[in-house]
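Keeping their order, the protein sequence lines are chains A and B. Mapping of the first sequence onto the working numbering: residues 108 to 469, in sequence order. Mapping of the second sequence onto the working numbering: residues 66 to 497, in sequence order.
Honestly, I wouldn't trust all of these hints.
Derived lysine-lysine pairs resembling DSS-like cross-links, with alpha carbons at most 25 Å apart [claimed, not checked]:
id, chain 1, residue 1, chain 2, residue 2
1, B, Lys-345, A, Lys-160
2, B, Lys-369, B, Lys-315
3, B, Lys-344, B, Lys-369
4, B, Lys-315, B, Lys-344
5, B, Lys-149, B, Lys-440
6, B, Lys-200, A, Lys-245
7, A, Lys-184, B, Lys-200
8, A, Lys-343, A, Lys-184
9, B, Lys-421, B, Lys-197
10, A, Lys-245, B, Lys-197
11, B, Lys-421, B, Lys-440
12, B, Lys-149, B, Lys-369
13, A, Lys-393, A, Lys-341
14, A, Lys-160, B, Lys-440
15, B, Lys-197, B, Lys-315
16, B, Lys-345, A, Lys-184
17, B, Lys-232, B, Lys-282
18, A, Lys-160, A, Lys-139
19, B, Lys-200, A, Lys-160
20, B, Lys-282, B, Lys-315
21, B, Lys-440, B, Lys-422
22, A, Lys-245, B, Lys-275
23, A, Lys-160, A, Lys-179
24, A, Lys-393, A, Lys-343
25, B, Lys-421, A, Lys-237
26, B, Lys-197, B, Lys-275
27, B, Lys-282, A, Lys-184
28, B, Lys-441, B, Lys-149
29, B, Lys-421, B, Lys-408
30, B, Lys-369, B, Lys-345
31, A, Lys-393, A, Lys-461
32, B, Lys-232, A, Lys-245
33, A, Lys-139, A, Lys-179
34, B, Lys-436, B, Lys-149
35, B, Lys-315, A, Lys-160
These are computed hints drawn from the structure, not numbers from a lab.
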Amino acid sequence: MLGIVRQKMLERSSKKIRPAVSMLRSYSSAAKQMTVREALNSALHEEMSADSKVFLIGEEVGEYQGAYKITKGLLDKYGPDRVLDTPITEAGFTGIAVGAAYYGLKPVVEFMTFNFSMQAIDHIINSAAKSNYMSAGKISVPIVFRGPNGAAAGVGAQHSQCYAAWYAACPGLKVLTPYNSEDARGLLKAAIRDPDPVVFLENELLYGESFPTSDEVLDSSFCLPIGKAKIERKGKHVTIAAYSKMVGYSLQAAEILEKDGIDAEVINLRSIRPLDRSTINDSVRKTNRLVTVEEAFPQHGVGAEICACVVEESFAYLDAPVERIAGADVPMPYAANLERMALPQVGDIVRAAKRACYRSVP
Amino acid sequence: MATAFSVPKFAAQPFNPISPTSQQKPLIFPTAASPFLGSTRKLLHLSSSSQLNLRRRSSGSVFAVSDIVKEKKSTSIPSLLITKEEGLELYEDMVLGRAFEDMCAQMYYRGKMFGFVHLYNGQEAISTGFIKLLKQQDSVVSTYRDHVHALSKGVPARAVMSELFGKTTGCCRGQGGSMHMFSSEHNLIGGFAFIGEGIPVATGAAFSSKYRREVLKEADCDHVTLAFFGDGTCNNGQFFECLNMAALWKLPIVFVVENNLWAIGMSHLRATSDPQIYKKGPAFGMPGVHVDGMDVLKVREVAKEAIARARRGEGPTLVECETYRFRGHSLADPDELRDPTEKAHYAARDPITALKKYLIENNLSGEAELKAIDKKIDELLEDAVEFADESPLPPRSQLLENVFADPKGFGIGPDGRYRCEDPKFTEGTAHV
Numbered sequence: 108m109l110g111i112v113r114q115k116m117l118e119r120s121s122k123k124i125r126p127a128v129s130m131l132r133s134y135s136s137a138a139k140q141m142t143v144r145e146a147l148n149s150a151l152h153e154e155m156s157a158d159s160k161v162f163l164i165g166e167e168v169g170e171y172q173g174a175y176k177i178t179k180g181l182l183d184k185y186g187p188d189r190v191l192d193t194p195i196t197e198a199g200f201t202g203i204a205v206g207a208a209y210y211g212l213k214p215v216v217e218f219m220t221f222n223f224s225m226q227a228i229d230h231i232i233n234s235a236a237k238s239n240y241m242s243a244g245k246i247s248v249p250i251v252f253r254g255p256n257g258a259a260a261g262v263g264a265q266h267s268q269c270y271a272a273w274y275a276a277c278p279g280l281k282v283l284t285p286y287n288s289e290d291a292r293g294l295l296k297a298a299i300r301d302p303d304p305v306v307f308l309e310n311e312l313l314y315g316e317s318f319p320t321s322d323e324v325l326d327s328s329f330c331l332p333i334g335k336a337k338i339e340r341k342g343k344h345v346t347i348a349a350y351s352k353m354v355g356y357s358l359q360a361a362e363i364l365e366k367d368g369i370d371a372e373v374i375n376l377r378s379i380r381p382l383d384r385s386t387i388n389d390s391v392r393k394t395n396r397l398v399t400v401e402e403a404f405p406q407h408g409v410g411a412e413i414c415a416c417v418v419e420e421s422f423a424y425l426d427a428p429v430e431r432i433a434g435a436d437v438p439m440p441y442a443a444n445l446e447r448m449a450l451p452q453v454g455d456i457v458r459a460a461k462r463a464c465y466r467s468v469p
Numbered sequence: 066m067a068t069a070f071s072v073p074k075f076a077a078q079p080f081n082p083i084s085p086t087s088q089q090k091p092l093i094f095p096t097a098a099s100p101f102l103g104s105t106r107k108l109l110h111l112s113s114s115s116q117l118n119l120r121r122r123s124s125g126s127v128f129a130v131s132d133i134v135k136e137k138k139s140t141s142i143p144s145l146l147i148t149k150e151e152g153l154e155l156y157e158d159m160v161l162g163r164a165f166e167d168m169c170a171q172m173y174y175r176g177k178m179f180g181f182v183h184l185y186n187g188q189e190a191i192s193t194g195f196i197k198l199l200k201q202q203d204s205v206v207s208t209y210r211d212h213v214h215a216l217s218k219g220v221p222a223r224a225v226m227s228e229l230f231g232k233t234t235g236c237c238r239g240q241g242g243s244m245h246m247f248s249s250e251h252n253l254i255g256g257f258a259f260i261g262e263g264i265p266v267a268t269g270a271a272f273s274s275k276y277r278r279e280v281l282k283e284a285d286c287d288h289v290t291l292a293f294f295g296d297g298t299c300n301n302g303q304f305f306e307c308l309n310m311a312a313l314w315k316l317p318i319v320f321v322v323e324n325n326l327w328a329i330g331m332s333h334l335r336a337t338s339d340p341q342i343y344k345k346g347p348a349f350g351m352p353g354v355h356v357d358g359m360d361v362l363k364v365r366e367v368a369k370e371a372i373a374r375a376r377r378g379e380g381p382t383l384v385e386c387e388t389y390r391f392r393g394h395s396l397a398d399p400d401e402l403r404d405p406t407e408k409a410h411y412a413a414r415d416p417i418t419a420l421k422k423y424l425i426e427n428n429l430s431g432e433a434e435l436k437a438i439d440k441k442i443d444e445l446l447e448d449a450v451e452f453a454d455e456s457p458l459p460p461r462s463q464l465l466e467n468v469f470a471d472p473k474g475f476g477i478g479p480d481g482r483y484r485c486e487d488p489k490f491t492e493g494t495a496h497v
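Given these sequences and hints, build the entire structure.
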């Protein structure tokens with residue numbers, strides 16, 4: 108009874124539930140609003156001006172200003188020697204970039220979407236990831252492969268796959284998945300400066316979303332460490348681990364759960380390889396319940412890996428089986444309603460968290 | 066000097082990509098009606114008659130060194146293709162390659178070497194002919210058949226042998242193996258097992274040379290890259306992608322096709338719609354040259370022009386070297402599909418014997434001197450095997466090393482140290 112009264116009071120005083128966009132938009136602070144697109148563009152500008160060995164290579168990165176306008180303005184500023192428009196030859200230009208990286212240049216390879224990286228995956232894995240090991244440390248490959256990953260809106264089965272699990276399975280690669288503008292800027296700058304091959308998985312639907320960024324983030328030497336996750340929202344009842352767009356959904360789910368008295372802790376993984384096992388395990392030891400969220404296919408996915416590492420290290424602390432939310436185990440359908448059903452929605456995360464907390468699903 | 070040669074002179078024929086007629090080289094294959102040398106159909110006619118040999122030669126496709134020498138003696142300006150020092154250097158390099166590969170076979174059958182081992186016997190002329198013209202900073206990118214490329218480029222025989230034995234003193238500390246030879250000081254960047262994988266990487270190395278010169282303004286950076294690959298690779302998509310981009314961006318690269326007519330058990334003729342690989346160069350806007358890969362002097366002449374062209378900034382060249390591997394594809398290959406007559410035909414054109422003959426006939430060297438070189442190489446190899454045998458296996462701690470250049474995975478901070486060692490590394494709004 109008292110709970111219901113408290114809930115009603117909370118409802119009246121709480122802000123309206125926002126649609127599927129960033130929750131922080133209404134906070135007015137001195138922080139500057141920056142879209143993820145602007146964040147990536149500014150990071151590329153700064154890294155290219157700081158180090159003349161950095162160059163861009165990919166389809167439509169130059170005159171077209173980038174297929175998703177991420178590389179806007181770079182051709183005008185740095186010239187066609189450093190911003191290379193290529194023919195449609197993923198295998199060829201990825202290999203060329205890897206060969207250039209062997210000799211100390213720092214290519215940033217753009218794939219129009221990571222689905223096309225499958226045509227170049229031989230070079231990403233065999234020439235780039237494995238080379239430092241095969242040459243016993245003599246040849247390092249300071250290359251970044253970036254592009255949009257995962258589902259967009261209505262683009263069909265061949266343009267919607269998430270490749271985080273595939274690339275994260277391979278030793279020798281670092282795999283990063285930024286969520287907001289701060290992640291995008293910090294991780295891309297770290298990736299370009301990193302002496303190893305980095306697969307940088309962005310998300311097309313996040314490009315246009317804006318997030319507040321502090322002055323520290325806007326500083327040109329701002330960098331985030333690779334391999335550290337961030338706790339976006341502290342909580343004590345259940346841990347929700349997600350990456351990329353699903354972090355936004357998880358934060359919304361956490362707000363809904365709060366009304367039901369479940370205080371969720373949301374972890375933004377940021378780095379899939381190396382996976383920040385210690386942050387995840389510390390969080391699970393605190394909350395004792397875990398929900399993993401991803402939009403990729405469920406089998407052999409990131410959620411499976413997180414579940415395994417939690418079971419290995421914190422089994423005694425788990426009070427409930429790990430709930431794994433993933434995309435449907437089907438190639439992405441085209442119809443809008445089917446696509447919505449094939450991807451995790453906020454409601455799915457809420458229900459999973461309630462299951463993990465042994466609350467009844469309404 | 067090269068007047069008796071039918072090798073195309075690049076300087077004399079300015080390459081014009083627009084008019085195809087300017088690409089007519091004297092050393093061109095006749096029409097499709099004329100048989101390709103490796104054709105089994107042709108081999109039926111191949112008796113040991115030298116008359117037939119001459120007739121084939123006059124079609125413009127192949128020359129034997131002795132022919133050149135005879136023609137030379139008839140010209141009024143007697144000049145040789147090489148000096149004595151160069152001749153001995155070439156001889157020593159080819160003998161090293163041959164003896165090394167024979168030693169590998171021996172070691173394999175004794176169980177000291179394992180896995181996939183692909184030997185280069187018979188193709189030494191190409192490796193020696195091309196690589197001995199390079200500087201230290203020029204790069205070589207090879208395939209799984211890379212032992213002799215490594216040796217020609219300057220990697221010590223000891224390091225290569227230890228690598229093959231899987232010892233920690235190998236050129237890649239035992240982590241690469243037969244198919245993955247890397248040496249950053251000699252600029253040998255692989256060693257790739259996948260067919261066609263090395264070609265884009267080589268194109269990238271050439272790209273980095275051009276980038277250094279034009280963007281980073283490192284004056285006189287004129288490093289050339291050689292990409293070696295086989296006939297089977299020439300049907301792979303990446304090959305064509307790179308021909309396109311290398312010609313488009315005028316990269317300093319030479320694409321060297323070691324056409325040994327066989328891809329494991331697949332004859333080149335069964336696999337390729339148009340078996341004349343050198344013709345694929347002009348289709349992409351670069352010269353395509355065919356040369357007899359069993360003759361180191363001819364290969365060297367062509368290589369000189371191609372490498373000079375790349376160094377001058379005129380762009381890539383496609384060189385098809387017709388050669389043969391005396392052994393099977395690898396030591397595990399029973400090699401049953403190749404006609405023994407074909408093998409005998411090419412064995413008679415052994416590049417080492419041919420060079421030896423040339424040196425002796427032109428009084429550049431004598432039997433004794435060449436035998437001394439043979440002995441020296443044998444001793445070198447004995448030493449290499451002994452060194453490899455006595456070297457230790459990699460220690461257990463080596464298993465997890467070298468996966469990353471930045472092993473902790475946390476990035477290197479502005480002060481050059483690993484970020485995770487910096488007590489404040491999680492700051493920068495990364496509040497955890």
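Structure-based check of all given hints:
1. B/Lys-345 / A/Lys-160: The hint is violated at about 33 Å.
2. B/Lys-369 / B/Lys-315: Satisfied, since the Cα-Cα distance of roughly 18 Å is no more than 25 Å.
3. B/Lys-344 / B/Lys-369: 20 Å, holds
4. B/Lys-315 / B/Lys-344: Measuring from Cα to Cα gives roughly 19 Å; hence the hint holds.
5. B/Lys-149 / B/Lys-440: 19 Å, holds
6. B/Lys-200 / A/Lys-245: 20 Å, holds
7. A/Lys-184 / B/Lys-200: Violated, at about 36 Å.
8. A/Lys-343 / A/Lys-184: Measuring from Cα to Cα gives roughly 49 Å; hence the hint is violated.
9. B/Lys-421 / B/Lys-197: Holds, at roughly 18 Å.
10. A/Lys-245 / B/Lys-197: 23 Å, holds
11. B/Lys-421 / B/Lys-440: Distance of about 15 Å is within 25 Å: holds.
12. B/Lys-149 / B/Lys-369: 18 Å, holds
13. A/Lys-393 / A/Lys-341: Since the Cα atoms of A/Lys-393 and A/Lys-341 sit roughly 11 Å apart, the hinted pair holds (cutoff 25 Å).
14. A/Lys-160 / B/Lys-440: 48 Å, violated
15. B/Lys-197 / B/Lys-315: The hint holds at about 24 Å.
16. B/Lys-345 / A/Lys-184: It is violated: about 37 Å lies between the C-alpha atoms, which goes past 25 Å.
17. B/Lys-232 / B/Lys-282: 41 Å, violated
18. A/Lys-160 / A/Lys-139: 30 Å, violated
19. B/Lys-200 / A/Lys-160: It holds: about 24 Å lies between the C-alpha atoms, which stays within 25 Å.
20. B/Lys-282 / B/Lys-315: With a Cα-Cα distance of about 17 Å, the restraint between B/Lys-282 and B/Lys-315 holds, given a limit of 25 Å.
21. B/Lys-440 / B/Lys-422: 18 Å, holds
22. A/Lys-245 / B/Lys-275: Cα-Cα ~22 Å, so holds.
23. A/Lys-160 / A/Lys-179: 19 Å, holds
24. A/Lys-393 / A/Lys-343: Holds, at roughly 7 Å.
25. B/Lys-421 / A/Lys-237: Measuring from Cα to Cα gives roughly 42 Å; hence the hint is violated.
26. B/Lys-197 / B/Lys-275: Given that 25 Å is the threshold and the Cα spacing comes to 22 Å, the pair holds.
27. B/Lys-282 / A/Lys-184: Roughly 18 Å between the alpha carbons, so the hint for B/Lys-282 and A/Lys-184 holds.
28. B/Lys-441 / B/Lys-149: Judged against 25 Å, a Cα distance of about 18 Å means the pair holds.
29. B/Lys-421 / B/Lys-408: Holds, because 21 Å separates the two Cα atoms, which is no more than 25 Å.
30. B/Lys-369 / B/Lys-345: 21 Å, holds
31. A/Lys-393 / A/Lys-461: Holds, at roughly 17 Å.
32. B/Lys-232 / A/Lys-245: 17 Å, holds
33. A/Lys-139 / A/Lys-179: Given pair A/Lys-139, A/Lys-179 holds - Cα atoms ~20 Å apart, limit 25 Å.
34. B/Lys-436 / B/Lys-149: With a Cα-Cα distance of about 15 Å, the restraint between B/Lys-436 and B/Lys-149 holds, given a limit of 25 Å.
35. B/Lys-315 / A/Lys-160: 20 Å, holds
Hint check: violations occur at hints 1, 7, 8, 14, 16, 17, 18 and 25; the rest are consistent with the structure.
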